[in-house]
Amino acid sequence: MAHAETHAAEAHGHADHAPQSFIWKYVFSKDHKVIGIQYYVTAMFMALIAGLLAMTIRLQLAWPEKTFPSLNFLTKGYTDGVMNPEFYAMLFTMHGTIMVFFVLSTAPVSGFGNMLIPLQVGARDMAFPFLNGLSFWTFLPGCIVILSSFFVGAGAAAGGWTSYPPLSALRSAVPGSEMGQTLWIIGMVFFIASFTMGGLNFVTTILNMRTKGLSMMRMPMTLWAMFLVAVLGLLSFPALTAASLMLLFDRHFGTSFFIPSGLVLSGQVVNHQGGSPLLWQHLFWFLGHPEVYILMLPALGFTSDIMVAFCRKPIFGYKAMVGAMLAISGLSFVVWGHHMFVSGMSPYLGMAFAVGTMLIAVPSAVKTFNWLATLWRSRIIFKTPMLWAMGVVSLFISGGLSGIWLGQTALDIHFHDTYFVVAHFHLIMAGAALFGVFGATAFWFPKMFGRMMNDTLGKIHFWFTFLAYYCTFFPMHYIGLAGHMRRIYDPYQYEFLKNLQPINQFITISAFILGASQILFFINYFWSAFRGEKATDNPWNAAGLEWTTPSPPGHGNWPGEIPEVHRWPFDYSVPGAEKDFVLQTDPAPIGDKAGSH
Amino acid sequence: MATPALDDPGLPPGRGSLPALAVVGHGGGGGRDSQVRFDPTRFGLWAFLGTISMLFIGFTSAYMLRRASADWAPIAAPPILWLNTTLLALSSVALEAARQRLRAWKVTAARGFFGLAGALGAGFVIGQFGAWRTLRAQGVFLATNPHSSFFYMLTGVHVLHLAGGLVWFLAIAARLRRLTPGDDALGLFATYWHFLGFVWAYLLFVLFVL
Ligand code: HEM
Ligand SMILES: [Cu+2]
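Those protein sequences? They're chains B and X, same order as listed.
Going by my numbering, the first sequence opens with residue 1, and the numbers climb by one from there.
Going by my numbering, the second sequence opens with residue 1001, and the numbers climb by one from there.
Just so you know, these hints were derived from the structure itself, not from any lab.
Backbone N, C-alpha and C define an ideal beta-carbon position, used for all residues, glycine too.
Keep in mind that the hints are not guaranteed to be accurate.
[Claimed, not checked] Per label pair, the in silico range of CB-to-CB distance: (1) G1156/X x W376/B: 39 to 45 Å; (2) W1046/X x W376/B: 39 to 45 Å; (3) M216/B x P1079/X: 49 to 55 Å; (4) V269/B x G1050/X: 24 to 30 Å; (5) A1077/X x Y164/B: 33 to 39 Å; (6) W1082/X x Y164/B: 38 to 44 Å; (7) G153/B x A1163/X: 26 to 32 Å; (8) G153/B x F1038/X: 44 to 50 Å; (9) F1198/X x T75/B: 49 to 55 Å; (10) I460/B x F1198/X: 54 to 60 Å.
[As the list claims (entries may be wrong)] Listed next, the stretches of chain X that the computed footprint assigns to chain B, with coverage defined by at least 3 CB atoms under 8 Å from CB atoms of chain B: (11) 1044-1055; (12) 1120-1130; (13) 1157-1164.
[Stated by the list, open to error] Some chain X residues judged to face chain B by a derived CB distance under 10 Å, without partners named: (14) F1038; (15) D1039; (16) P1040; (17) G1058; (18) F1059; (19) A1070; (20) D1071; (21) F1150; (22) Y1152; (23) M1153; (24) F1195.
Please take these sequences and the hints and turn them into a complete structure.
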């Protein structure tokens, strides 16, 4: 630490000094690296919770007829060792909500975004450090509110992560529709506020604070992803803010934005009329679809940047990769209707959404092709980060293919609300994003803690996770095709699903192995953070600007002046260069295909 | 941007330089080392206005969709709204007057106009409460019909944004003595404030003209 402080002192003739007291340095910090780690660790804690919820879901699905008296301590959840159906609904709702927003929007974007953006653009910090600190301290109450909803009133929200009305709009609909749903809304408002503050910082820093020579077309793919993610967030989250406010009004102040006429609840006609549940679906998915790209894009960016360092080859088709990301982001705003094919929408409108959805396959294929071309005939160095990057590519392909099926209106009538969908989005969205986070963690760990993660343990963790992940989610395609609905508490109430129980048991055992393997990660993370092998400044011999900082970077990131950039971050194995990589800061006139000429 | 006042020896050091670059309101930020392209604070503000716009666009699309249903019954605009509108417009004008006086280094006049802008803005907020009272007196409540729901909700969200603006106003007022012509604080605030004026005009249009 003393070493970092010296750097900080040198760095700041001009800017403010590093805060000295523990509380300002590590708790209410304005330093982007500290904030990034705070976000990351909080997200990983939330992942642990959401993972345990998933395990409980799987336990129920495999053995719905068994009793588990040892789980009676979850008082609301179990009576005499049998899970209450309402509790099951709370489980998948909170699992989905926490995973999507509080884990996989947070760890890659708010965590790695804050860590990496200043290091990769060449700035001492984010544009608005105070706003950045505030954003974390807005996020944390959101987590607390969301988690507390399990213990308040009748329990957590139970309307699915999509919170469709009327279940979410009528307080007496199901137990989770009471306090739980209100807390869900409040938690989400905290989350959106914090994500907005982060987004403002991201776009401003990336557009305005790049160091000399770093043109947009010399940015690493991670920076492109962070930029687009911030834009997507700023433009799409307000739709959910608006919808959440209206939902709150419907729930507590008697309005009827989303509640239709003539609903009967416990034998009584509800006192609302004229509202439209479909309105919520439109507003929700206007956010919801861009949101899945908020999860995905950072992983795609990490993958490209990691891959080049372990193939020792320049990225293939940089401009096409950037173009593909732009196209995916743009298209993500016009395809939300593919989540509503069975809502009774006009078939012509459905057709338009289907065409838009199919169009996304084109830039996605471009990305896949370019990754494969980068790997092609390179001498791959199989280190942990590279394994995860290749895992992302694998999941992106296997999850993307089922997306093409789901995008067909006619097919989706059968697939909708089955486990086929659960399989699809766990592979492409959850899986790719999760693998991306693991890869980025192993790769940029030196910049977080100045140490290396253990590579052997990392590889073991990867292989367990990779295999268990496929074993868990791939069979879900089959049970989905067989008609197994999602969000169902006891599938074997239906005769035609009874013969699927062995598959469900296989899935659950795989899921338990998957869950247990994550212990390896937590051990590796915390052990390495304190005891890992000390990292040099550039342990992977990578070309990006962030590798010119000390490991870990001190306050202000560079001990001296901020370096100037002369090339893109993909100059590996350049003919004529003395080493097999050329740092972005190297002024020698070699390489840099994308540069200024 | 350069004005004679920039050379004024009475200026505290570091103030009064070009607002668009370098001296911006961020602590450990990139500052002079980076190649700052636009003033980050101003850029960030515009991005923020972008996200607020999306919020109101979201509400508008909900409004359009909900309006198509059978139970839609339009309410009449409380007349006080026109007075409020005038107050808000004048507030923006006064703010511009304040900026102009400041640029001309007429500090006392600038302060006067600035205070006037704030007072008019506060007047608007009070007037909006008046509008809600009028409606309640007529028996038109939040849940009376979808149009009234939207009226209360949209005006409420707008007033919340204005209230945030008034907090910002107070923060500037607290250091008004130290403002100098080169300081962009007033300009940033004016951007936000005018924007809310436009949003108000837009809401009136959506609620009562469309
Ligand atoms: C630890 C491994 C995981 C397992 C075993 C797992 C398992 C499941 C299962 C079985 C369901 C369906 C519940 C039902 O429909 O009744 C589900 C739903 C869901 N999962 Fe996961 N999941 C895991 C990780 C993740 C991750 C990383 C994400 C991140 C995006 C995620 C997001 C979701 C979402 C959004 C839903 C839908 C919730 C809803 O229906 O409202 N899951 N998960
Ligand atoms: Cu979608």
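Tested hints:
1. Taken as a hint, the range 39 to 45 Å is violated for the pair G1156/X and W376/B, whose Cβ atoms sit roughly 58 Å apart.
2. In this structure the supplied range 39 to 45 Å holds for W1046/X paired with W376/B, their Cβ-Cβ distance being about 43 Å.
3. Checked against the hint of 49 to 55 Å, the C-beta distance between M216/B and P1079/X comes to roughly 52 Å, which is consistent with it.
4. Between V269/B and G1050/X, the C-beta spacing of about 43 Å breaks the proposed range 24 to 30 Å.
5. Restraint check, A1077/X to Y164/B: a C-beta distance of roughly 34 Å satisfies the suggested window 33 to 39 Å.
6. For W1082/X and Y164/B, the hinted distance range of 38 to 44 Å is satisfied, since their beta carbons lie about 41 Å from each other.
7. At about 31 Å, the beta-carbon gap between G153/B and A1163/X stays in the expected band of 26 to 32 Å.
8. Roughly 49 Å separates the CB atoms of G153/B and F1038/X, a value that falls within the hinted 44 to 50 Å.
9. Distance hint check: the CB atoms of F1198/X and T75/B are about 53 Å apart, consistent with the given range 49 to 55 Å.
10. In this structure the supplied range 54 to 60 Å holds for I460/B paired with F1198/X, their Cβ-Cβ distance being about 59 Å.
11. Using a Cβ-Cβ cut-off of 8 Å, 8 residues of the stretch 1044-1055 of chain X lie near chain B, which meets the minimum of three, so the contact claim holds.
12. Three residues within the 8 Å Cβ limit are the bar, and the stretch 1120-1130 of chain X against chain B gives 0, so the coverage statement is violated.
13. Counting residues of the stretch 1157-1164 of chain X whose C-beta sits closer than 8 Å to any C-beta of chain B gives 1, which falls short of three, so the coverage hint is violated.
14. Taking 10 Å as the C-beta cut-off, the interface hint given for F1038/X holds, the closest approach to chain B being about 6 Å.
15. Nearest Cβ of chain B to the Cβ of D1039/X: about 8 Å, under the 10 Å cut. The hint holds.
16. The criterion of a C-beta within 10 Å of any C-beta in chain B is met by P1040/X, whose closest approach is roughly 4 Å, and the hint holds.
17. Hint status for G1058/X relative to chain B: holds, with the closest Cβ pair at about 4 Å, below 10 Å.
18. For F1059/X, the interface hint holds, the least distance from its beta-carbon to any beta-carbon of chain B being 5 Å, beneath 10 Å.
19. Because the beta carbon of A1070/X sits about 7 Å from the nearest beta carbon in chain B, less than 10 Å, this interface hint is met.
20. Hint status for D1071/X: holds, given a least beta-carbon distance of 4 Å to chain B, under 10 Å.
21. Contact between F1150/X and chain B, as hinted, is supported at the beta carbon level, the nearest pair being about 9 Å apart and thus within 10 Å.
22. Because the smallest distance between the Cβ of Y1152/X and any Cβ of chain B comes to about 9 Å, under 10 Å, the interface hint for this residue holds.
23. Look at M1153/X: its Cβ gets to within about 6 Å of chain B, closer than 10 Å, so that hint holds up.
24. Interface hint status for F1195/X: violated, as the beta-carbon distance to the closest one in chain B is roughly 15 Å, over 10 Å.
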